[in-house]
Amino acid sequence: MWQMNHPGSDVDLFVAVLAPTKSILRGEFNDQSQVEYSGPLDRQYHELGRIVEQLLRNNWNYLSGVMSPIVVKDWSRLAELRHLAELNYSKRAYHSIKGLAVHNYEKYIVSERDDSVKRCNTIARTIVMGARLLREGVIEYKPISGASPKDIPKFIDELDMALKESRLPENPEHENELREFLYDVRVSELEANRDR
Numbered sequence: 002m003w004q005m006n007h008p009g010s011d012v013d014l015f016v017a018v019l020a021p022t023k024s025i026l027r028g029e030f031n032d033q034s035q036v037e038y039s040g041p042l043d044r045q046y047h048e049l050g051r052i053v054e055q056l057l058r059n060n061w062n063y064l065s066g067v068m069s070p071i072v073v074k075d076w077s078r079l080a081e082l083r084h085l086a087e088l089n090y091s092k093r094a095y096h097s098i099k100g101l102a103v104h105n106y107e108k109y110i111v112s113e114r115d116d117s118v119k120r121c122n123t124i125a126r127t128i129v130m131g132a133r134l135l136r137e138g139v140i141e142y143k144p145i146s147g148a149s150p151k152d153i154p155k156f157i158d159e160l161d162m163a164l165k166e167s168r169l170p171e172n173p174e175h176e177n178e179l180r181e182f183l184y185d186v187r188v189s190e191l192e193a194n195r196d197r
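Counting from 1, position 6 in the sequence shown corresponds to residue 7 in the numbering used here; the numbering is continuous, with no gaps.
Since the hints were made in silico from the structure, they are not lab data.
Below, a list of computed lysine to aspartate or glutamate pairs in the EDC-like style, where the Cα atoms sit at most 20 Å apart:
no.: 1; residue 1: 99; residue 2: 171
no.: 2; residue 1: 74; residue 2: 13
no.: 3; residue 1: 155; residue 2: 116
no.: 4; residue 1: 119; residue 2: 152
no.: 5; residue 1: 143; residue 2: 87
no.: 6; residue 1: 99; residue 2: 137
Beta-carbon label-pair distances, calculated as ranges:
no.: 7; residue 1: 171; residue 2: 111; range: 27 to 35 Å
no.: 8; residue 1: 46; residue 2: 87; range: 19 to 27 Å
no.: 9; residue 1: 14; residue 2: 168; range: 30 to 38 Å
no.: 10; residue 1: 154; residue 2: 13; range: 25 to 33 Å
no.: 11; residue 1: 142; residue 2: 96; range: 15 to 23 Å
no.: 12; residue 1: 180; residue 2: 144; range: 31 to 39 Å
no.: 13; residue 1: 96; residue 2: 31; range: 23 to 31 Å
Small disclaimer: the values here were computed from a predicted structure and weren't measured. For each residue, glycine too, the CB sits at the ideal point set by N, CA and C.
Model the full structure from these sequences, guided by the hints.
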């Protein structure tokens, strides 16, 4: 996805799951996300209701997972979900992106735990993607190279500037459409499995 792979790269899968609507209505389903680590393969499982909720918050981890250009297993309604996610881009994304960037900057760079070029590139690409989202309303997966520890604060300043220049709405403007999408998926699943 990032075109930044190297021999030690791991694979992170964002897996969307649909809980049985009957289980949800009966109060039997816990919508907490699950993470499985298996060697170089990490899977993050997220139920569709949680995904919708986090997309409306413009949570960066969910935006980047849903909008990823790499799709391991397609879903007939993925294009619709992506379109609705795009319609709901807002300035709310800033807080998630900046929080992630500052957290990783402090955890790895400031502490000198890992101030490698690879780590700096990883932090920088998220910030650059976020700035482009805020300025242009576009998520683009583009590699970054050559970032250094001293560059990260400049990238963060650029993200702050992108927020000031952003023409995105303060909050999602098509929340109802995204919630109707979820409702339709749930009702369709319930009807398809009525006799089970």
